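Visitor: Combine the two chains into a complex, taking the hints into account.
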Amino acid sequence: MTAIDTSHDHHDEGSFLDRKGMGLWSTIWDWATTVDHKKIGIMYLFAVLTMFFIGGVAGLAIRAELLEPMRTSADGATTGVMINFGSPVQDPDTGEMIRDYTVTPNAAGNTFNRMFTLHGAVMVFMFIVPAVPASLGNFFLPIMIGAKDVAFPKLNLFSWYIYVTGSLFGVIGLILGGADTGWTFYTPYSIQTDADFWRVTLMVMAAFILGFSSILTGLNFVVTVHKLRAPGVGWFDMPLFIWAMYATSIIQVLATPVIGITLLLLVFERLFRIGIFDPSLGGDAVLYQHFFWFYSHPVVYVMILPGMGIISELLAVHGRKHIFGYRAIAFSSLGIAAVSFLVWGHHLFTAMSPLASMVFSALTFLVAIPTAIKVFNWIATLYKASIALNTPMLYALGFLFLFSIGGLTGLPLATLATDLHLHDSYFVVAHFHYVMMGGTVIAFIGGLHHWWPKMFGRMYNERVGIIAFALVFIGFNVTFFTQFFLGTQGMPRRYASYVDEFQIYHQISTYGSWVLGLGFMLHLGNFIHSLLAGPKAPPNPWGGLSLEWETESPPCAHNFHHEPLIKHGPYDFETVVPPHCSEQDFPLPKQH
Amino acid sequence: MSTINAHHTPGAKPMRWETYKHEHHWRTAADEFDAAKLGMWLFLTTEVLLFGGIFCAYAIFRMMYPEAFTNGSSYLDWRIGLINTIVLLISSFTVAMSVRCAQLNQQFWLKANLIITLICAALFVVIKLTFEYIPKLSQGKAPGTWFSYPYAHHPEEPIWWGIYYAGTGIHALHVFIGAGLLIWVLVRSFKGIYGPKNYTMVETSGLYWHLVDLVWIFLFPLLYLIH
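These protein sequence lines are chains A and B, in that order.
Counting in numbering that gives the first Met the number 0, the first sequence runs from 0 upward without gaps.
Counting in numbering that gives the first Met the number 0, the second sequence runs from 0 upward without gaps.
Chain B extracted, bound-state conformation (with noise of 0.2 angstroms):
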């Protein structure tokens, strides 16, 4: 810790995280730290559980109507969903290290891993909405009753995307979550509020942000590799 503050010359103003204080009904920073992990953790268990409605909901149709899913997934491209994790393994990657360099005071390093951050999260909504929504939606690849396809080789086709839209659909939703959250974190972290005495929001906005990576690294097989 003192080779850390060793930056300061005597006397200049501290950062906004060395004199951060715990809030009153925690015993020790610690504790809320700890605390605030827990709750976080818990948050994402919900998620999975979320996201496991959907992945049943695909499981038990995959069942009652193999050839239409099998013909579904042909429609995607795997390269574009290969593109896309890609993109957010490395948005991934990116938000572990802000969390490290905020435990080690590297602010610049903090802000900038969060930037690369969110423009992996704008850039994996623009693959997503250019690539596979507009051109699929303009086709009439649409789900349910708004499926308009001329060339359908199954009539449970709307079902698949039903499943399809609806999952990354929200899966969509929670990168929008996730990069609000990380927006948040970035405009504080210019006001010098995270470092190695409180990077609580930045490292529970991250574990955050590795669940949507997860929920993606389970929609990519299921959407667009099983065939």
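Just chain A, with the same shape it has in the complex (with noise of 0.2 angstroms):
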């Protein structure tokens, strides 16, 4: 059992971000132009990047809104748009037309209902469904595999096309004033508001073209996974990420056309007043709701799996431990993506016959127990392991803990009786985003900083990393567990005022968030430093046994110089010394 040895046979081939003598316009349109899954990923992971900068600026003017109990900093802009154009009017003294930026105050709380549609649109279709399988699942799944691409590289940069187009009317929605619908666009409201102007139809029409893009890269995934794997590379000696992009994929690919029909007929009724929506012309809205929950939810398990993924790779690797009931973690992936299409119900509770409820609710348990194995069979891992408290780990610990609260809060939400009481409060919001942010968002970032030497070929700053980590999590904290305490003594969601009582609370989480977007903001100062001025980045950091780490940092345009020799598995820790690294570095384990 050794690790392959490739340095016999090193072709010219530079590394795929070699720029090869090109000029930068050239470069440009090289980048533009490019099918290698490498640059796709990478383009990706910058629009993905832009976008959750965006909504987190929103984030933030919604927790600087709630610091008061009333309304304060959006007080300047109750036109409804958030870009003050001004309106065209005639001056009084000379005659002639100018543009008028005073505003009259109207319905209380209109820029703030825009900012969380905002906030929400832009987090849930723009950043976090693509996050991590378009960025790091497209650089690393062929690779991981051992093949020289996806199965499909034009649809591929297509794909990323889509997601742009998506993302400009979403941003052009915004700039002509936003939607004030909420991220789900419910009926009747979305047919009814803004009737006059094209912002809700551009934010609806970009989610409907983000659905295509996902559908793409699930697609393609699929595909690659059945279809592209290197010979040797059996089911079982697939790394776990790769299971939890194909379980992913799957879902990807059955729920996003039905968001799809969705929203198309919501852009018909907005634009034809068809009706089907419409309780006026004999239209159901509680229909819209199960259609629109039978993506929604799901989908957010595409957000959440490949979470999952990545932290049985970072567990592993930055553990040194051979991953605990590896076809456990695998098939509850699979679990969970089956269960993830029953459970939709749940959104909808009190629109539902008694008996609906308690069956969707008895299926909403279903996801616990797969969910609980991967978290059972992590900790398993972590047991006798030689854990390196690197940034990755880090945040693979910290995921745990957070994910964690997040699936146990989801329960009293599952359970009827107490859902009453909890529905539509903080609860769920601190809820939602203990599994959303705690969970994907922290193992996106853990991720980023395991792979972040592979794909660019530089160390980023561990020290710095480190501290930017303990901003991020002691800020989340702050922010998000006090909203539980809001929850359960009433505060609802979606409220630009509230009374006195609960002001404590909002200053806390507004204060956490201040903490939490310097620790992002830490974290990419960083990576611009390492992009800069960082040390270059060994083949293998970190130790890994995957195929990434058997070629070179960042990789040769072709991923390998020859096809990958599968010789052991990906987490046989404790038997092999991993790829371009010596004994001394990576110890195995004494055998006793």
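Hints may contain errors.
Just the calculated beta-carbon pair ranges, DEER-fashion [to be verified]:
no.	chain 1	residue 1	chain 2	residue 2	range
1	B	L172	A	H561	45 to 51 angstroms
2	A	A361	B	T144	38 to 44 angstroms
3	B	L172	A	M520	44 to 50 angstroms
4	B	L43	A	R493	38 to 44 angstroms
5	B	G51	A	D499	35 to 41 angstroms
6	A	H225	B	L172	25 to 31 angstroms
7	B	I59	A	T164	41 to 47 angstroms
8	A	P278	B	L136	22 to 28 angstroms
9	B	I118	A	T164	50 to 56 angstroms
10	A	H561	B	G179	57 to 63 angstroms
11	A	R493	B	T144	52 to 58 angstroms
12	B	T144	A	I174	28 to 34 angstroms
13	A	F235	B	R99	36 to 42 angstroms
14	B	Q138	A	V266	21 to 27 angstroms
Derived DSS-like pairs (lysine-lysine); straight-line CA-CA distance at most 25 angstroms [as the list claims (entries may be wrong)]:
no.	chain 1	residue 1	chain 2	residue 2
15	B	K12	A	K153
16	A	K153	B	K36
17	A	K226	B	K196
18	A	K226	B	K190
19	B	K36	A	K226
By construction, these hints were calculated from the structure, which means they are not laboratory data.
Keep in mind the model is a prediction, meaning the values are calculated, not measured.
The beta-carbon is built from N, C-alpha and C at its ideal position, and this holds for glycine as well.
Guide: What follows is the structure in structure tokens.
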């Protein structure tokens, strides 16, 4: 059992990032027309991080507004537009047309509504759904199964352009004033609001277009995993990240078309008033909710499953221990994917018969089983592991802590009796932020640190990474744990004003959001510094055993100089010296 | 394979399908072909789920407003629907034959079958417009707020028309997409790109066209035949 030596086989082929003497414009053209999954992954990474920034700013704005019980920061912009271009009026003195930037007060909280819709829609459709699959997944899925590229490279590039087009629709909708419907676009409000404007329609179209990009990515990954595994990579030789991506892709392919038709009908509804979701025309608004959640609940697992896949990698590599319960973790990914399609009804308990509610409640509890299987296996992996407390590992441990809180607080929401009290409150907000942000975003940032040296060939500063992790972890808990208290005491979600007694919690939460934002900014600075001046990364800085660590950092254009030979599993840390590493750096455990 | 190549006189320029080389990230051309087919089947799954939403909405509104829906389908002439069904079934047959012709290197019939398929597609759209959409819309049988038909039997008839136009409209959109794909295949088949060694696009576009047919096979009885 030895690592594969690639040193004797150096071609002239440089890294995929190598500009090969091209000028600026030809480099840009080269990237814009590339079919290399690595470059597309990096383009996705920049696109989703941009969206994360926009959505994050909106989130911070929401928190700033909630600092005071009465409306504060948004008071100046109550026209319902977030960017004030002014309205044309006649100057009373000169008679010429000028723009009037003063605003008149109208419906309170209008801007607040647009801000949380922006935050939700951007974070869900443009950031968290594509975040891990389209960036890290695109980059590493082919490499980790020993392939040269994804199955359909041109389709992959096409999906990136669809993503950008969809995001542009969203951004144009935002510049025109943004939607005030909430990211769920519930009818009939979403049909009637801003009827004279295109902005809601544009937002809905954006989500519809982004769905295509999501389907194409998922389809590409399913076919890639089926057809492009290198010889010797059986299904159970794949890293667990690939299993998670596979389960994710299945959900993307099967759930997204339903939101497609739903949003398309909603666009028809807005443009032509066909009445299917409009009660005033005999339509059914609850039908919309069923359709919407038939996609949007499974898509919650599109968000979390890739994060779970990352955690399996981080814990094993940085704990230097064979993953505990490989098959259990692999199959629980598929189990989550299967159950995910049966639980959408818990988003509309109050719009169903008691029997249907009980059935959906029971099915919702089922999700806890495969999830708990994963968590227990991860903790068992950590037992007697030689844990390196670096940034990726800290994020993995943070994930276990935060995701468990997020998962366990889901149970009172699945319980009919308690949900009656907690639904539509800040308890729900806190719950899904613990899962989505404490789960997926934390895993994403951890994975980004783990694979950063491989992607860009540069190391990041470990000390800064750890400090930023501490800020993110503390800031996150301060921001969102307080919201559990707010929710149980009756603070409803999506309100700009509140009674005075809640102020202390809102203040703590807002202060926490600043710490959180600071932590992310520190990470950003660390990454930029790494790109500009970071030390060169060795091919295998962490002593990993999966295939991406066999090739150099960053990988060459075709990922491997010759088709990789599989001589060990991705988690055989007890028996294999990692490729490109010496036994002094990564000692094998003493045999008893 | 050798009998196929026997058409050529020695030294003649080979057709483009004969020199087809699979893309470099595949190990074999067979792998590439299988992958393309799997990809298209997955995509068809998404299409079925997309139309599944329409069918689900149809079922729910039929249960909610049975009279409006029974009455609504009586506005539609089943003979027109049947003719369009036959047109699409013929086109499905010819598109399947075009795949076979590509496999057997019958270049003339490959193109001929594709052209017949496209004529059927055009015929379908023309029949739909001249006998259904245009006369019905001019009578005021329109969806939702646009509904102005004065002799409506039932207050929920606008919903029926909403489902009718949404379902057949999205289907018609798929007819256009499928025809666009087939036009592309036809143009390329004039360049001799498709043959026994490379007929992936003919096959996958054909699969897509079958889906267009299949959806209509469900729309036809649901909208025209159930009273």
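Visitor: In ascending order, which of the hints set out earlier in this document are inconsistent with the structure?
Guide: 5, 7, 9, 10, 11, 15, 18
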